[in-house]
Amino acid sequence: MVQACLVCSRVHNGSLTAQAAGTDMDKTDKPSPSAKKHVRLQERRGSNVSLMLDMSSLGSVEPIQPVCTPRDITLKFLRTSSHVLRREELQQRAQSLAELQEEFSKIPPNFVSPEELEIPGRASKDRYKTILPNPESRVCLRRARNQEEDSYINANYITGYVGRPREYIATQGPMLNTVTDFWEMVWQEEAPLIVMITKLQERKEKCVHYWPEKEGTYGPFTIRVQGVSECVEYVVRDLSIQVASLCSHILISLSSVLEKLEGECRQVKHILFPSWPDQQTPESAKPLLHLVSKVEETLQAAASPGPIIVHCSAGIGRTGCFIATRIGCQQLKDKGEVDILGIVCRLRIDRGGMIQTSEQYQFLHHTLALYASQLPEAGGH
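Here UniProt numbering is used: the sequence shown runs in plain steps of one and ends on residue 381.
Honestly, the hints are just simulated from the structure, not real lab data.
Every residue gets a Cβ at the ideal spot worked out from N, C-alpha and C, and that includes glycine.
Label pairs and their computed distance ranges (CB to CB): (1) 301 x 264: 19 to 29 Å; (2) 190 x 97: 39 to 49 Å; (3) 130 x 240: 32 to 42 Å; (4) 300 x 64: 53 to 63 Å; (5) 120 x 84: 40 to 50 Å.
Kindly produce the complete structure, drawing on both the sequences and the hints.
Written out as structure tokens, the structure reads:
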């Protein structure tokens, strides 16, 4: 009986020992959570396994192209578009009104949004809220002030024939609150000539009377009319512009700039061409060619090297037509060919919307075709 109990006791103890040993072995075989985490990290890091990719299976991979914005597309078109016409081709092209209308419709206007010109007080100096100066070529009045609004004027430098920089300034017709700014621009840029292609009133105000009948003071500038010559098509005024005695309302910062120039007097020609209706075309191209000829004559006698200031009301339609006509005449005279599409596109790079309507675009072709017909044949005298 005792022996049986001893045997049972040994068996029971042995089984407990075995269970304990088994339990110890389980504890030894199972890795700790931190060890598992370490192993997984190693596997994820590729320390035990290498990843191989066969790139040839992907085929040819094109390089990543930069994303073009609408403005980029517009500028590319304006910089690269061209349609060179020889003199005989120009005569035919001028009669193809439908083709000219289609060609004109494809030219992007390159207008400026108000968000691109966040200048305090700017809106009060714009005659039309949708006609704004392109920032890259905008004329800034170089006043010795810190306020940005004091430097603002709705005007752009325009590139001329063969890429001459700042050969023109295209601007809007002055308003009552911008007349002094206008004369400051004339003085600052040493402009020898102002070409005005609008009436003062056409159903509503297009431009204020910004010059005096005889003598007038505009801010720090005194303007005098020294002579008037009236023709059937235009009126020419000989003006002098002088820095007047400094007035009390002129800021000290501006006075410090102008007092060095006090007494200096410059000569400026003012040509008024009133017979061109707004957003329309003249009945004949001859008066416009006469105007271009008068401008050439005036510049030959001018002492100042500055740009020609051209304005109508908005500063894009008739203004653009005049500038494009003069550049086109220069091309025809020098090369016997003209790129009217290219001219208009380059103008719109500098100031959006130059040449406002397809009728103006057609009239431009008609005017240059007339000019080309008056040129001597190649090799002639």
